[in-house]
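Starting from the given sequences, assemble the full structure and let the hints guide the process.
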Amino acid sequence: REISPLAKTTQDDPNTVERFEGFMGGMELCNAFSEINDPIDQEERFLEMGRSYSSVEDEHHPLDEDYLRAMRYGMPPNGGFGMGVDRLVMLLANQQTIREVLLFPHLRDSE
1 REISPLAKTT
11 QDDPNTVERF
21 EGFMGGMELC
31 NAFSEINDPI
41 DQEERFLEMG
51 RSYSSVEDEH
61 HPLDEDYLRA
71 MRYGMPPNGG
81 FGMGVDRLVM
91 LLANQQTIRE
101 VLLFPHLRDS
111 E
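Okay, so the sequence shown: first residue is 1 according to our numbering, each after it adds one.
For the record, the hints were derived by calculation from the structure and aren't laboratory data.
Only a predicted model underlies this, so the values are computations on that prediction, with no experimental measurement involved.
We put the beta carbon where it would ideally sit given N, CA and C, even for glycine.
Take the hints with a grain of salt, since some may be wrong.
[Claimed, not checked] FRET-style restraints, in silico, Cβ to Cβ: (1) M24 / G80: 11 to 21 Å; (2) L63 / N94: 27 to 37 Å; (3) Q11 / L91: 30 to 40 Å; (4) I98 / R72: 33 to 43 Å.
Below, the structure is given as structure tokens:
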């Protein structure tokens with residue numbers, strides 16, 4: 001739950017979340033999880049996250065009241081994932097390092 005604060009908890013254990021990682025060719029391509037659809041749980045987690053920011057350097061987001069209001073009307077079970085497109089291109093292009101497929105060449109080491 002600490003690693004994925006916005007993921008839905010399992011019914012059996014409130015400290016475990018419904019989360020998985022997708023792999024292809026032995027490489028992690030995506031992180032995925034079931035989204036919270038309980039507005040009370042979501043608001044508590046938003047507040048916890050807000051308290052955990054310790055300095056100006058930490059990323060801070062205001063409480064999303066519109067999202068919570070929409071969630072109170074009812075949200076069906078859903079999920080999502082974030083895929084590393086550069087990693088996918090690396091696999092499809094059969095490259096050994098991600099530097100070979102980066103979109104912006106200035107990020108590559110000079111040869």
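We went through each hint and held it up to the structure:
1. M24 / G80: 11 to 21 Å: holds (18 Å)
2. L63 / N94: 27 to 37 Å: Violated - the Cβ-Cβ distance for L63 and N94, about 46 Å, lies outside 27 to 37 Å.
3. Q11 / L91: 30 to 40 Å: At roughly 35 Å between Cβ atoms, L91 and Q11 fall inside 30 to 40 Å, so the hint holds.
4. I98 / R72: 33 to 43 Å: At roughly 42 Å between Cβ atoms, R72 and I98 fall inside 33 to 43 Å, so the hint holds.
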